[in-house]
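Starting from the given sequences, assemble the full structure and let the hints guide the process.
The sequence shown begins at 16 in the numbering used here and counts up one residue at a time.
Treat the hints as calculated values from the structure; they're not laboratory data. There's no promise every hint is true.
Stated by the list, open to error - Cross-link-like lysine-lysine pairs, in silico, DSS-like; alpha carbons within 30 Å at most: (1) K144 / K435; (2) K144 / K74; (3) K74 / K340.
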Amino acid sequence: MTVKILSLSNGHGEDAIAVRILQELQQQPHPLELAALPLVGLGQAYGQLDNVPIIGPVKSLPSGGFIYMDQDQLWRDLQAGLFPLILQQYQTLRQWVKQGGFILAVGDIVPLFLAWLSGANYAFVGTAKSEYYLRDEQGQLPLTQMWRWYRYFDSIYFPWECWLMKNSRCRGVFPRDTLTAQTLQKYSIPALDFGNPMMDDLEPITTRFHQPHLEQEERQRSLVITLLPGSRPPEVYHNWDLILQEVHNIIQGFTDPNQGLMVLPGNHVRSYQRLVFLAAISPGLELSSFCEPLTALGWQESSDLTQADLNFYWGHGDLIFSLEKATLILTNQGFNACLRLADVALAMAGTATEQFVGLGKPAIAIPGTGPQFTPTFADNQHRLLGPSLIVGQNPTEIPEILRSLLRNPDRLQLIAENGKRRLGQPGASRRIAEYLSTNFTF
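This is the structure in C-alpha coordinates:
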(Lines of atoms letter the chains of each structure in order from A; the text may use other names.)
(Lines give C-alpha, C1' and ligand atoms only; values in the text may rest on other atoms or scores of the structure.)
Protein backbone atom coordinates (compact mmCIF):
# COMPACT_ATOMS: atom_id res chain seq x y z
CA MET A 16 0.00 0.00 0.00
CA THR A 17 1.36 3.41 -1.00
CA VAL A 18 1.30 5.97 1.80
CA LYS A 19 0.63 9.60 0.91
CA ILE A 20 2.43 12.38 2.80
CA LEU A 21 1.88 16.11 2.29
CA SER A 22 4.49 18.58 3.53
CA LEU A 23 3.17 21.90 4.89
CA SER A 24 5.92 24.48 5.47
CA ASN A 25 5.82 28.21 6.06
CA GLY A 26 9.06 29.90 5.11
CA HIS A 27 12.26 29.57 3.08
CA GLY A 28 14.18 27.88 5.90
CA GLU A 29 11.23 25.63 6.69
CA ASP A 30 10.97 24.63 3.02
CA ALA A 31 14.65 23.65 3.05
CA ILE A 32 14.20 21.51 6.16
CA ALA A 33 11.10 19.86 4.69
CA VAL A 34 13.04 19.10 1.50
CA ARG A 35 15.79 17.34 3.46
CA ILE A 36 13.22 15.14 5.20
CA LEU A 37 11.38 14.38 1.95
CA GLN A 38 14.67 13.44 0.29
CA GLU A 39 15.27 10.91 3.05
CA LEU A 40 11.68 9.66 2.78
CA GLN A 41 12.31 8.93 -0.89
CA GLN A 42 15.11 6.59 0.20
CA GLN A 43 12.88 4.55 2.52
CA PRO A 44 11.82 1.02 1.51
CA HIS A 45 8.10 1.73 2.00
CA PRO A 46 6.29 3.05 -1.10
CA LEU A 47 5.41 6.72 -0.56
CA GLU A 48 3.60 9.35 -2.58
CA LEU A 49 4.89 12.79 -1.60
CA ALA A 50 3.51 16.27 -2.21
CA ALA A 51 4.16 19.77 -0.88
CA LEU A 52 2.20 22.90 -0.02
CA PRO A 53 4.48 25.84 0.88
CA LEU A 54 2.42 28.39 2.81
CA VAL A 55 4.85 31.31 2.48
CA GLY A 56 6.69 32.26 -0.69
CA LEU A 57 6.99 30.27 -3.88
CA GLY A 58 8.46 27.09 -2.39
CA GLN A 59 11.41 27.08 -4.79
CA ALA A 60 13.36 24.67 -2.57
CA TYR A 61 10.92 21.90 -3.48
CA GLY A 62 12.15 22.17 -7.06
CA GLN A 63 15.16 20.08 -6.01
CA LEU A 64 12.90 17.04 -5.61
CA ASP A 65 11.70 14.67 -8.30
CA ASN A 66 8.07 13.57 -8.22
CA VAL A 67 7.05 15.94 -5.41
CA PRO A 68 4.44 18.31 -6.86
CA ILE A 69 3.32 21.56 -5.25
CA ILE A 70 -0.42 21.05 -5.02
CA GLY A 71 -1.84 24.49 -4.22
CA PRO A 72 -1.56 28.25 -4.73
CA VAL A 73 1.69 29.94 -3.71
CA LYS A 74 2.55 33.62 -3.51
CA SER A 75 5.53 35.76 -2.57
CA LEU A 76 4.55 38.17 0.22
CA PRO A 77 6.26 41.48 1.13
CA SER A 78 7.43 40.31 4.56
CA GLY A 79 9.23 37.23 3.28
CA GLY A 80 7.65 35.37 6.19
CA PHE A 81 8.85 37.61 9.01
CA ILE A 82 5.51 39.15 9.99
CA TYR A 83 5.92 38.20 13.65
CA MET A 84 8.70 40.77 13.97
CA ASP A 85 6.90 43.78 12.59
CA GLN A 86 3.23 44.79 12.57
CA ASP A 87 3.87 46.92 9.49
CA GLN A 88 5.05 43.80 7.66
CA LEU A 89 1.86 42.00 8.69
CA TRP A 90 -0.24 44.88 7.37
CA ARG A 91 1.58 44.81 4.04
CA ASP A 92 1.05 41.07 3.79
CA LEU A 93 -2.65 41.52 4.49
CA GLN A 94 -2.86 44.14 1.76
CA ALA A 95 -1.07 41.75 -0.61
CA GLY A 96 -3.73 39.10 -0.08
CA LEU A 97 -2.56 37.01 2.89
CA PHE A 98 -6.03 35.98 4.08
CA PRO A 99 -7.39 34.90 0.67
CA LEU A 100 -4.18 32.94 0.11
CA ILE A 101 -4.54 31.08 3.42
CA LEU A 102 -8.18 30.31 2.63
CA GLN A 103 -7.30 28.92 -0.80
CA GLN A 104 -4.48 26.84 0.68
CA TYR A 105 -6.79 25.43 3.34
CA GLN A 106 -9.35 24.47 0.70
CA THR A 107 -6.59 22.73 -1.27
CA LEU A 108 -5.50 20.91 1.88
CA ARG A 109 -9.02 19.67 2.59
CA GLN A 110 -9.36 18.35 -0.95
CA TRP A 111 -6.05 16.51 -0.68
CA VAL A 112 -6.96 14.93 2.67
CA LYS A 113 -10.17 13.48 1.22
CA GLN A 114 -7.99 11.15 -0.84
CA GLY A 115 -6.34 9.81 2.33
CA GLY A 116 -2.88 10.66 3.61
CA PHE A 117 -0.77 12.14 6.36
CA ILE A 118 0.48 15.67 7.01
CA LEU A 119 4.06 16.67 7.83
CA ALA A 120 3.87 20.19 9.30
CA VAL A 121 7.18 22.09 9.33
CA GLY A 122 7.49 25.47 11.01
CA ASP A 123 5.28 27.04 13.67
CA ILE A 124 1.66 27.01 14.80
CA VAL A 125 0.32 27.90 11.33
CA PRO A 126 1.14 24.59 9.59
CA LEU A 127 0.54 22.74 12.87
CA PHE A 128 -2.96 24.22 13.19
CA LEU A 129 -3.78 23.55 9.54
CA ALA A 130 -2.60 19.96 9.93
CA TRP A 131 -4.94 19.49 12.88
CA LEU A 132 -7.78 21.30 11.10
CA SER A 133 -7.44 18.99 8.10
CA GLY A 134 -8.68 16.00 10.09
CA ALA A 135 -5.72 13.86 9.01
CA ASN A 136 -3.01 12.28 11.12
CA TYR A 137 0.06 14.48 11.28
CA ALA A 138 3.57 15.01 12.60
CA PHE A 139 5.20 18.31 13.51
CA VAL A 140 8.76 19.54 13.00
CA GLY A 141 9.02 22.60 15.26
CA THR A 142 11.58 24.94 13.73
CA ALA A 143 10.45 28.28 15.16
CA LYS A 144 10.52 27.74 18.91
CA SER A 145 13.18 26.63 21.36
CA GLU A 146 13.37 26.61 25.14
CA TYR A 147 16.68 28.43 24.73
CA TYR A 148 14.71 31.62 24.07
CA LEU A 149 13.61 31.46 27.73
CA ARG A 150 16.24 29.43 29.55
CA ASP A 151 19.46 27.50 29.18
CA GLU A 152 21.02 24.67 31.16
CA GLN A 153 21.83 27.07 34.00
CA GLY A 154 18.31 28.48 34.41
CA GLN A 155 15.89 31.12 33.18
CA LEU A 156 17.09 34.07 31.09
CA PRO A 157 15.97 37.65 31.79
CA LEU A 158 12.60 38.16 30.08
CA THR A 159 12.60 41.20 27.81
CA GLN A 160 9.36 42.85 26.72
CA MET A 161 8.93 40.49 23.78
CA TRP A 162 9.08 37.46 26.06
CA ARG A 163 7.26 38.89 29.11
CA TRP A 164 4.09 36.81 28.55
CA TYR A 165 6.05 33.59 28.87
CA ARG A 166 6.48 34.12 32.60
CA TYR A 167 2.97 32.65 32.93
CA PHE A 168 3.85 29.43 31.12
CA ASP A 169 6.23 26.57 31.78
CA SER A 170 7.24 26.11 28.15
CA ILE A 171 8.12 28.12 25.06
CA TYR A 172 5.05 26.50 23.52
CA PHE A 173 1.70 27.97 24.55
CA PRO A 174 -0.97 25.65 26.03
CA TRP A 175 -2.97 25.62 22.79
CA GLU A 176 0.16 24.61 20.85
CA CYS A 177 0.82 21.85 23.37
CA TRP A 178 -2.78 20.69 22.95
CA LEU A 179 -2.29 20.40 19.20
CA MET A 180 0.88 18.37 19.78
CA LYS A 181 -0.83 16.12 22.37
CA ASN A 182 -3.77 15.39 20.08
CA SER A 183 -4.22 11.69 19.35
CA ARG A 184 -3.82 12.37 15.61
CA CYS A 185 -0.35 13.83 16.18
CA ARG A 186 1.99 10.88 15.58
CA GLY A 187 5.26 12.61 16.42
CA VAL A 188 6.82 15.94 17.38
CA PHE A 189 10.40 16.76 16.43
CA PRO A 190 11.69 19.82 18.34
CA ARG A 191 14.81 21.61 17.23
CA ASP A 192 16.96 20.74 20.27
CA THR A 193 17.31 18.44 23.26
CA LEU A 194 16.28 21.04 25.85
CA THR A 195 12.96 21.66 24.09
CA ALA A 196 12.30 17.94 23.60
CA GLN A 197 12.88 17.25 27.29
CA THR A 198 10.48 20.04 28.28
CA LEU A 199 7.70 18.83 25.97
CA GLN A 200 8.09 15.24 27.16
CA LYS A 201 7.10 16.40 30.66
CA TYR A 202 3.63 17.16 29.27
CA SER A 203 3.17 13.72 27.67
CA ILE A 204 3.77 15.15 24.20
CA PRO A 205 5.28 12.57 21.80
CA ALA A 206 8.46 14.64 21.41
CA LEU A 207 11.47 12.87 19.95
CA ASP A 208 15.01 14.18 20.27
CA PHE A 209 16.25 13.36 16.77
CA GLY A 210 18.34 16.50 16.23
CA ASN A 211 17.99 19.47 13.91
CA PRO A 212 17.70 18.81 10.14
CA MET A 213 19.42 22.09 9.33
CA MET A 214 22.71 20.45 10.34
CA ASP A 215 22.37 17.80 7.63
CA ASP A 216 24.10 18.00 4.24
CA LEU A 217 27.02 20.04 5.60
CA GLU A 218 29.58 17.33 4.99
CA PRO A 219 33.21 18.33 5.49
CA ILE A 220 35.39 18.84 2.46
CA THR A 221 39.06 17.99 2.08
CA THR A 222 41.49 20.57 0.73
CA ARG A 223 45.22 20.94 0.71
CA PHE A 224 44.75 23.90 3.01
CA HIS A 225 43.52 21.69 5.82
CA GLN A 226 45.85 18.75 5.41
CA PRO A 227 48.43 18.24 8.20
CA HIS A 228 51.04 20.99 8.16
CA LEU A 229 54.42 21.50 9.62
CA GLU A 230 54.31 23.55 12.83
CA GLN A 231 55.63 26.69 11.16
CA GLU A 232 53.07 26.48 8.36
CA GLU A 233 50.26 26.08 10.86
CA ARG A 234 51.50 29.02 12.95
CA GLN A 235 51.49 31.25 9.90
CA ARG A 236 48.22 30.18 8.32
CA SER A 237 45.49 32.57 7.24
CA LEU A 238 42.69 33.72 9.46
CA VAL A 239 39.55 32.69 7.56
CA ILE A 240 36.36 34.68 8.09
CA THR A 241 33.08 33.75 6.41
CA LEU A 242 30.65 36.52 5.51
CA LEU A 243 26.93 35.70 5.75
CA PRO A 244 24.84 38.67 4.52
CA GLY A 245 21.55 36.76 4.26
CA SER A 246 19.59 35.84 1.17
CA ARG A 247 16.61 38.16 0.71
CA PRO A 248 16.90 41.27 -1.47
CA PRO A 249 16.95 44.16 -0.99
CA GLU A 250 17.95 43.59 2.65
CA VAL A 251 20.92 41.42 1.69
CA TYR A 252 22.54 44.37 -0.13
CA HIS A 253 22.17 46.68 2.88
CA ASN A 254 23.63 43.92 5.06
CA TRP A 255 26.52 43.56 2.62
CA ASP A 256 27.41 47.25 2.94
CA LEU A 257 27.46 46.93 6.73
CA ILE A 258 29.55 43.75 6.65
CA LEU A 259 32.09 45.43 4.35
CA GLN A 260 32.51 48.16 6.96
CA GLU A 261 33.30 45.44 9.48
CA VAL A 262 35.76 43.85 7.04
CA HIS A 263 37.48 47.20 6.50
CA ASN A 264 37.89 47.70 10.24
CA ILE A 265 39.33 44.21 10.67
CA ILE A 266 41.88 44.81 7.91
CA GLN A 267 42.93 48.09 9.51
CA GLY A 268 43.35 46.38 12.87
CA PHE A 269 45.30 43.54 11.26
CA THR A 270 48.06 45.86 10.03
CA ASP A 271 49.37 46.24 13.58
CA PRO A 272 51.40 43.08 14.26
CA ASN A 273 50.64 43.35 17.98
CA GLN A 274 46.94 43.02 17.23
CA GLY A 275 47.11 39.87 15.12
CA LEU A 276 48.16 37.29 17.70
CA MET A 277 46.24 34.49 19.35
CA VAL A 278 47.44 32.67 22.46
CA LEU A 279 46.85 28.93 22.19
CA PRO A 280 46.87 26.25 24.91
CA GLY A 281 50.41 25.46 25.96
CA ASN A 282 51.44 29.12 25.74
CA HIS A 283 52.00 28.95 21.98
CA VAL A 284 51.41 32.09 19.97
CA ARG A 285 49.92 31.96 16.49
CA SER A 286 50.47 34.87 14.15
CA TYR A 287 48.05 35.13 11.24
CA GLN A 288 49.90 36.33 8.16
CA ARG A 289 46.89 36.69 5.84
CA LEU A 290 43.21 37.41 6.02
CA VAL A 291 40.81 35.44 3.85
CA PHE A 292 37.15 36.45 3.65
CA LEU A 293 34.72 33.94 2.16
CA ALA A 294 31.46 35.61 1.10
CA ALA A 295 28.75 32.94 0.96
CA ILE A 296 26.17 34.40 -1.43
CA SER A 297 22.79 32.78 -2.00
CA PRO A 298 22.66 30.86 -5.32
CA GLY A 299 19.64 32.91 -6.36
CA LEU A 300 21.61 36.18 -6.32
CA GLU A 301 24.00 37.56 -8.94
CA LEU A 302 27.57 37.98 -7.69
CA SER A 303 27.90 41.12 -9.81
CA SER A 304 25.50 42.92 -7.46
CA PHE A 305 28.06 42.57 -4.66
CA CYS A 306 31.07 43.81 -6.64
CA GLU A 307 30.44 47.56 -6.87
CA PRO A 308 30.63 48.17 -3.09
CA LEU A 309 33.91 46.23 -3.05
CA THR A 310 35.58 48.25 -5.79
CA ALA A 311 34.34 51.47 -4.19
CA LEU A 312 36.30 50.52 -1.07
CA GLY A 313 39.51 49.83 -3.01
CA TRP A 314 39.25 46.09 -3.56
CA GLN A 315 40.72 44.94 -6.86
CA GLU A 316 39.46 41.92 -8.76
CA SER A 317 42.22 39.41 -9.43
CA SER A 318 42.53 36.60 -11.96
CA ASP A 319 45.93 35.41 -10.71
CA LEU A 320 45.41 32.76 -8.05
CA THR A 321 48.09 32.07 -5.48
CA GLN A 322 48.48 28.57 -4.07
CA ALA A 323 46.69 29.73 -0.93
CA ASP A 324 43.81 31.18 -2.97
CA LEU A 325 43.32 27.85 -4.75
CA ASN A 326 42.35 26.29 -1.44
CA PHE A 327 39.26 28.51 -1.41
CA TYR A 328 38.35 28.51 -5.09
CA TRP A 329 35.44 26.34 -6.17
CA GLY A 330 35.49 26.88 -9.88
CA HIS A 331 34.27 29.04 -12.72
CA GLY A 332 32.04 31.86 -11.55
CA ASP A 333 33.74 32.65 -8.24
CA LEU A 334 35.18 36.17 -8.02
CA ILE A 335 38.40 36.93 -6.16
CA PHE A 336 39.37 40.35 -4.83
CA SER A 337 42.45 41.55 -2.99
CA LEU A 338 43.27 44.46 -0.70
CA GLU A 339 46.52 44.79 1.25
CA LYS A 340 47.03 41.49 3.13
CA ALA A 341 43.49 40.36 2.53
CA THR A 342 41.75 38.19 -0.05
CA LEU A 343 37.98 38.15 -0.49
CA ILE A 344 36.22 35.46 -2.50
CA LEU A 345 32.63 35.84 -3.65
CA THR A 346 30.95 32.49 -4.25
CA ASN A 347 27.43 31.20 -4.67
CA GLN A 348 28.50 27.58 -5.14
CA GLY A 349 30.65 26.84 -2.09
CA PHE A 350 28.32 27.40 0.88
CA ASN A 351 29.25 24.26 2.82
CA ALA A 352 32.95 24.91 2.31
CA CYS A 353 32.55 28.51 3.48
CA LEU A 354 31.11 27.21 6.74
CA ARG A 355 33.62 24.40 7.19
CA LEU A 356 36.82 26.31 6.38
CA ALA A 357 36.17 29.43 8.45
CA ASP A 358 37.45 30.24 11.92
CA VAL A 359 34.72 32.80 12.57
CA ALA A 360 31.78 34.40 10.74
CA LEU A 361 30.47 37.92 10.34
CA ALA A 362 26.81 37.04 10.16
CA MET A 363 23.55 38.78 9.34
CA ALA A 364 21.58 35.68 8.42
CA GLY A 365 19.13 33.30 10.03
CA THR A 366 19.56 29.63 9.21
CA ALA A 367 23.11 30.03 7.85
CA THR A 368 24.26 31.56 11.15
CA GLU A 369 22.71 28.71 13.12
CA GLN A 370 24.40 26.15 10.87
CA PHE A 371 27.76 27.86 11.33
CA VAL A 372 27.35 27.90 15.11
CA GLY A 373 26.23 24.27 15.02
CA LEU A 374 29.65 23.36 13.62
CA GLY A 375 31.13 24.62 16.88
CA LYS A 376 32.28 28.02 15.63
CA PRO A 377 31.74 31.60 16.81
CA ALA A 378 29.73 34.16 14.87
CA ILE A 379 29.76 37.94 15.27
CA ALA A 380 26.71 40.00 14.35
CA ILE A 381 25.75 43.66 14.02
CA PRO A 382 21.98 44.32 13.72
CA GLY A 383 20.76 45.87 10.49
CA THR A 384 17.59 47.64 9.41
CA GLY A 385 15.57 44.57 8.49
CA PRO A 386 13.00 43.39 7.79
CA GLN A 387 14.72 40.23 9.05
CA PHE A 388 17.98 41.08 10.76
CA THR A 389 16.82 43.81 13.13
CA PRO A 390 18.02 44.46 16.72
CA THR A 391 15.08 42.36 17.93
CA PHE A 392 16.05 39.48 15.64
CA ALA A 393 19.69 39.70 16.75
CA ASP A 394 18.66 39.65 20.42
CA ASN A 395 16.44 36.62 19.86
CA GLN A 396 19.16 34.85 17.88
CA HIS A 397 21.58 35.50 20.73
CA ARG A 398 19.13 33.88 23.14
CA LEU A 399 18.85 30.90 20.80
CA LEU A 400 22.59 30.44 20.23
CA GLY A 401 23.98 31.68 23.54
CA PRO A 402 27.71 32.45 23.80
CA SER A 403 28.34 31.23 20.25
CA LEU A 404 26.87 34.48 18.87
CA ILE A 405 28.51 37.75 19.87
CA VAL A 406 26.30 40.75 19.10
CA GLY A 407 27.96 44.15 18.68
CA GLN A 408 26.40 47.55 18.18
CA ASN A 409 28.45 49.04 15.34
CA PRO A 410 31.23 48.00 12.92
CA THR A 411 33.97 49.79 14.86
CA GLU A 412 33.65 47.25 17.68
CA ILE A 413 34.37 44.24 15.49
CA PRO A 414 38.21 44.20 15.57
CA GLU A 415 38.31 44.26 19.37
CA ILE A 416 35.58 41.61 19.62
CA LEU A 417 37.56 39.42 17.22
CA ARG A 418 40.87 39.92 19.02
CA SER A 419 39.31 39.16 22.40
CA LEU A 420 37.72 36.03 21.00
CA LEU A 421 40.80 34.63 19.28
CA ARG A 422 43.02 35.19 22.32
CA ASN A 423 40.79 33.12 24.59
CA PRO A 424 41.08 29.38 23.82
CA ASP A 425 38.91 28.45 26.81
CA ARG A 426 36.12 30.62 25.43
CA LEU A 427 36.52 29.06 21.99
CA GLN A 428 36.23 25.59 23.52
CA LEU A 429 33.08 26.61 25.38
CA ILE A 430 31.65 27.99 22.11
CA ALA A 431 32.46 24.75 20.27
CA GLU A 432 30.68 22.64 22.88
CA ASN A 433 27.75 25.04 23.13
CA GLY A 434 27.07 25.16 19.39
CA LYS A 435 27.13 21.41 18.93
CA ARG A 436 24.90 20.89 21.96
CA ARG A 437 22.28 23.43 20.84
CA LEU A 438 22.11 22.34 17.18
CA GLY A 439 22.74 18.63 17.61
CA GLN A 440 24.43 15.99 15.50
CA PRO A 441 23.88 15.49 11.75
CA GLY A 442 21.45 12.85 10.56
CA ALA A 443 18.19 14.28 11.92
CA SER A 444 16.44 14.18 8.54
CA ARG A 445 17.19 10.48 8.12
CA ARG A 446 16.06 9.67 11.67
CA ILE A 447 12.81 11.61 11.20
CA ALA A 448 12.16 9.97 7.82
CA GLU A 449 12.72 6.49 9.22
CA TYR A 450 10.29 7.21 12.04
CA LEU A 451 7.65 8.65 9.70
CA SER A 452 7.90 5.84 7.16
CA THR A 453 7.23 3.35 9.95
CA ASN A 454 4.59 5.20 11.97
CA PHE A 455 2.67 6.66 9.03
CA THR A 456 1.99 3.22 7.60
CA PHE A 457 -0.56 2.35 10.26
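Of the numbered hints stated previously, which ones are contradicted by the structure, given in increasing order? 3
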